[in-house]
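Number of protein chains: 2
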Amino acid sequence: MLIFVKRRTTMKIGVLGTGMVGETIATKLVALGHDVKMGARDAGNDKAKAWAEKAGQKASNGTFADAAAFGEIVFNCTAGTGSLEALKSAGEDNLRGKVLIDVANPLDFSKGMPPTLFTDSNDSLGERIQRAFPETKVVKTLNTVNCHVMVDPARVAGGDHDMFVSGNDAGAKGKVTEILRGWFGWKNVVDLGDITTARGTESYLMLWIRLWGALKTADFNLKLVK
Amino acid sequence: MLIFVKRRTTMKIGVLGTGMVGETIATKLVALGHDVKMGARDAGNDKAKAWAEKAGQKASNGTFADAAAFGEIVFNCTAGTGSLEALKSAGEDNLRGKVLIDVANPLDFSKGMPPTLFTDSNDSLGERIQRAFPETKVVKTLNTVNCHVMVDPARVAGGDHDMFVSGNDAGAKGKVTEILRGWFGWKNVVDLGDITTARGTESYLMLWIRLWGALKTADFNLKLVK
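Chains as they are written, first to last, in the numbering used here: chain E, 61 to 286; chain A, 61 to 286.
Keep in mind that the hints were calculated from the coordinates and are not lab data. Fair warning: there could be bad hints in the mix.
One copy or any two copies: either way a pair holds, since identical chains are not told apart in the list.
When the alpha-carbon atoms are kept at most 27 Å apart in a straight line, the in silico DSS-like pairs for lysine-lysine are as follows [to be verified]: (1) LYS88 / LYS286; (2) LYS276 / LYS235; (3) LYS148 / LYS283; (4) LYS235 / LYS247; (5) LYS148 / LYS118; (6) LYS286 / LYS109; (7) LYS276 / LYS114; (8) LYS114 / LYS286; (9) LYS247 / LYS276; (10) LYS148 / LYS286; (11) LYS114 / LYS247; (12) LYS283 / LYS118; (13) LYS286 / LYS247.
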């Protein structure tokens with residue numbers, strides 16, 4: 061299973077989104093030696109430009125379409141409310157046939173804190189993205205932890221806790237599992253099934269938010285025990 | 061904190077619901093030496109009668125109202141779709157001032173498997189029950205695990221995993237926490253906050269169902285790590 065990671069020491073990766081999640085993931089990918097283009101709505105986005113200047117030669121920035129076209133793999137790190145619009149702007153052609161790692165959550169902050177979900181339990185953001193881009197291999201993952209934990213699971217309990225993947229394409233899930241293990245250091249990756257299982261991990265955010273309040277830290281995760 | 065449990069070696073407890081959850085909890089409570097009345101829609105309910113005959117002298121059965129009137133503490137073990145109707149049948153007077161341990165989930169099986177939630181992320185069954193019975197102290201708990209794990213957490217990983225409580229009354233949550241620890245053996249009980257935090261644990265069911273599928277056992281739970 062490590063063939064994919066070993067064969068290609070570096071990859072070209074598009075990261076959509078300039079917020080803390082996008083920046084954290086993009087910075088980690090550059091640190092791992094990959095070529096990373098951060099995409100924003102506008103080519104001249106200040107946050108994306110500042111990141112690319114700070115992150116060094118392997119880092120660049122552009123529009124959502126630029127980043128999607130650049131990436132062999134694309135991360136969706138946009139806010140859930142804007143994900144479909146950002147991906148439409150990225151362009152179906154630029155995403156066709158590629159693995160899209162969707163880390164966004166369908167959080168609605170419009171009614172204040174704590175947020176609610178803008179999907180119901182019959183649907184998920186992951187599914188909406190997969191339906192809108194049927195020729196893209198959407199894999200939902202990493203959305204169940206804070207962005208610092210996403211790229212450094214060892215910062216919580218030495219990394220002995222669980223990450224989930226949901227997606228329709230077994231090969232894509234295999235690649236993403238290798239990335240999670242080989243690049244980010246996730247020890248336990250649980251395949252929940254097809255993209256409809258994103259309903260589970262996205263709904264879990266309603267518990268995550270309360271755990272964040274009760275534990276008074278975002279540096280936590282779940283370990284499955286049986 | 062153990063005063064409550066030690067002071068009263070036995071209590072009178074009402075258990076609403078005759079399904080596997082109600083039967084498992086009622087049987088455990090009788091085994092602990094408590095006097096338990098199982099309540100059903102009809103006084104002559106076959107399952108409740110059969111349980112009471114099998115479970116011995118400490119066990120009895122009756123209507124929802126009989127069980128609620130009997131109990132110093134009441135467990136809601138009815139199916140989520142029928143909980144409000146069952147509790148109305150139990151009667152506001154019979155529930156007034158009492159701790160109601162709500163273990164039900166708002167699962168909608170009408171569209172087939174896997175179930176969805178009949179609440180959205182702005183509401184929860186726990187809140188609906190608390191709103192309908194403002195003078196009852198509703199504590200949501202145990203709804204995040206299979207009924208066998210509810211009353212015997214040690215059957216999973218020696219009991220080293222977490223249970224949650226949600227409720228508006230701190231004293232009631234304290235009593236329920238003692239019950240969880242002292243009677244059932246829960247080592248880790250996390251107070252999530254007021255009854256609105258039931259949105260978190262009820263939404264988690266959407267993940268629980270997928271974990272059940274992926275792990276191929278209902279004998280599992282979450283351990284929080286930080």
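Going through the hints against the structure:
Taking identical chains as interchangeable, the C-alpha atoms of LYS88 and LYS286 lie at most 27 Å apart only when they sit on different chains, with a minimum of 21 Å there against 32 Å within one chain. Within a single copy, LYS276 and LYS235 get their C-alpha atoms only as close as 34 Å, which misses the 27 Å cut-off; across copies the closest is 24 Å, which meets it. Taking CA atoms no more than 27 Å apart as the test, LYS148 paired with LYS283 passes in neither setting, with 36 Å inside one copy and 39 Å between copies. Only within a single protomer do LYS235 and LYS247 lie at most 27 Å apart by alpha-carbon distance; the minimum there is 15 Å, versus 38 Å between protomers.
For the homomeric pair LYS148 and LYS118, the shortest alpha-carbon distance inside one copy (26 Å) is at most 27 Å, but the shortest distance between copies (65 Å) is not. Taking the shortest Cα distances, LYS286 and LYS109 never come within 27 Å of each other, neither inside one copy (47 Å) nor across copies (34 Å). When the C-alpha separation of LYS276 and LYS114 is checked against a cutoff of 27 Å, the pair qualifies neither within a copy, at 31 Å, nor between copies, at 47 Å. Taking identical chains as interchangeable, the C-alpha atoms of LYS114 and LYS286 are never at most 27 Å apart, the minima being 45 Å within one chain and 31 Å between chains.
With identical chains, the CA atoms of LYS247 and LYS276 are at most 27 Å apart both within one copy (25 Å) and between copies (20 Å). Taking the closest pair of Cα atoms, LYS148 and LYS286 never come within 27 Å of each other, the shortest separation being 42 Å inside a single copy and 37 Å across copies. In this assembly of identical chains, the alpha carbons of LYS114 and LYS247 never lie at most 27 Å apart, being 30 Å within a copy and 47 Å across copies at closest. Taking identical chains as interchangeable, the C-alpha atoms of LYS283 and LYS118 are never at most 27 Å apart, the minima being 35 Å within one chain and 39 Å between chains.
In this assembly of identical chains, the alpha carbons of LYS286 and LYS247 lie at most 27 Å apart whether taken from the same copy (17 Å) or from different copies (16 Å).
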